[in-house]
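A.B. asks: Residue 684 is where the sequence shown starts when you use the working numbering, and the numbers rise one by one after that.
Hint data in this document are derived by calculation from the structure and do not stem from the laboratory.
Just to be clear, a hint being listed does not mean it is correct.
In silico lysine-lysine, DSS-like type, Cα no more than 30 Å apart, as pairs [to be verified]:
hint	residue 1	residue 2
1	K847	K791
2	K890	K847
3	K1103	K890
All of these numbers come straight from a predicted model, not from anything done at the bench.
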Amino acid sequence: MSASGEVRYDLIVRGGALVIPGVGRVRADVGIAGGRIVALAEALPGEAAEVYDATGKTVLPGLFDPHTHIGNERSYDEEAETETRAAVLGGVTTIGIFLRSLDDSYTKHLPAFRRAMDTVSYVDSVFHPQIFTDEQIAEIPRYAAEYGIRSFKFYMSGLPGIVKSVSDDVLLRGFRAVAGLGPDAVACVHCETGALIELARRELQTKPEGTLADWELAHPAEAEALAIQTALHLAGTAGAHLYVVHLSSRQGLDVVRRGRRQGLRFTVETTTPYLGIASDDPNGFLAKAVPPVRTRDHHDALWQGVLEGSINTVGTDNTSRCRATKQPEAGLHGARPGLPVLGTHLPVLLHHGRERGVPLEVLVDCATRAPAKVYGIYPQKGTIAVGSDADLAIVDLDLERVVRADELLGMSDFSPFEGKRLRGWPVATIKGGRIVARDGRIVGPPTGRYLPREARDRAPEVDWLRRPG
684 MSASGEVRYD LIVRGGALVI PGVGRVRADV GIAGGRIVAL AEALPGEAAE VYDATGKTVL
744 PGLFDPHTHI GNERSYDEEA ETETRAAVLG GVTTIGIFLR SLDDSYTKHL PAFRRAMDTV
804 SYVDSVFHPQ IFTDEQIAEI PRYAAEYGIR SFKFYMSGLP GIVKSVSDDV LLRGFRAVAG
864 LGPDAVACVH CETGALIELA RRELQTKPEG TLADWELAHP AEAEALAIQT ALHLAGTAGA
924 HLYVVHLSSR QGLDVVRRGR RQGLRFTVET TTPYLGIASD DPNGFLAKAV PPVRTRDHHD
984 ALWQGVLEGS INTVGTDNTS RCRATKQPEA GLHGARPGLP VLGTHLPVLL HHGRERGVPL
1044 EVLVDCATRA PAKVYGIYPQ KGTIAVGSDA DLAIVDLDLE RVVRADELLG MSDFSPFEGK
1104 RLRGWPVATI KGGRIVARDG RIVGPPTGRY LPREARDRAP EVDWLRRPG
């Protein structure tokens, strides 16, 4: 409290229109102290060391991107800095990282992974180790006890030379181990049926060059749909909470809807590339991903899934690459998958969501509250409320910019959205009560922390059927 008797804050965000998931749009000032939100009120009285004038702007909770990959191209430490820098510039303040160790125990790697996120990261983070071996399955309780990890990933179909697939028996044993942690633990699954993909790829060997549209044929939508059916059955058998990552197809969504009608409780994610890039994109193999970006009828279906609530969360599946290693000129089979999209996550959601008529409240919920609830960090993250972390994205909904990779501040020298004009960009990001990004520049130091999670006695909560308005 100041000498005049008024409450004193570290930072006040004044005059903005807040979008609070589950509440709606609220006109209020935000009072911040000690890294947390401590007051919300119209014309908030009191003094502050710093005031941000958000008049005419929209204030969102800092985004939680639940699906990222760090350290696939360069060292983990280097990407922990560069990719989180791009994230925070783009309004993302927390990320979920899928860790990869193909053969050995994560106990050899977790200390270094955590140290990087505690020292050079601009955003907070949770870990989802990818599970491949019997040793890793056996150690799942240890990862939970020692590192507060409550979510794990399994690949039903791998990527040749990059990631191994796991058989159904490994999947079932892994699900049982995850379920054994408690009802809040989450089994994340890359849902594609490997045998169907192998068949499709063999049939495409006659097209060594090909196009991005041909790549869609290499990962048919039916392979995704069948794998989701299998994963739902095995998760139900094991009693595990299933989280379907990066849903990409209309056929996959049909399976999701059937599961919902049957009363199954599971969570579904899509990503901004599947909502904003089509298989006829002029950037060609710069947009190569697994699963592939698809035709516009799949876009239509996925956006409807977001609107109706069949799809609960939206992430990015960010995997940063440089053009030299992406090798788009290597054609259909030689170009590498992986998209650097953290910095465009929020603008793509805002731009295409507006075009589709999806309410802003729905978009914000999918990118903040819903993933925070699923992964056990709500209400610390994912909302604007007294007591929550002071992580905010301040957005100009009418600001139009052309995407240029060098302005996104990640390690990649290209963006699959390169050259596209998007409407709706963050103009400032507040992380932990400090302004760290402003007007396209980083203006604060990295203050990210790894977030160990505690066990909870209930299953992940999301709004299974969202009702807009």
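A.B. asks: Now, for every hint given, state plainly whether the structure supports it.
C.D. replies: Hint by hint, here is what the structure shows:
1. Note on K847 and K791: the hinted pairing holds, with a Cα-Cα distance of about 20 Å set against a maximum of 30 Å.
2. Between K890 and K847, the direct Cα distance comes to roughly 25 Å. Compliance with the 30 Å bound is thereby established for this hinted pair.
3. Distance restraint check for K1103 and K890: the Cα-Cα separation of roughly 29 Å lies within the 30 Å cut-off, and the hinted pair is therefore satisfied.
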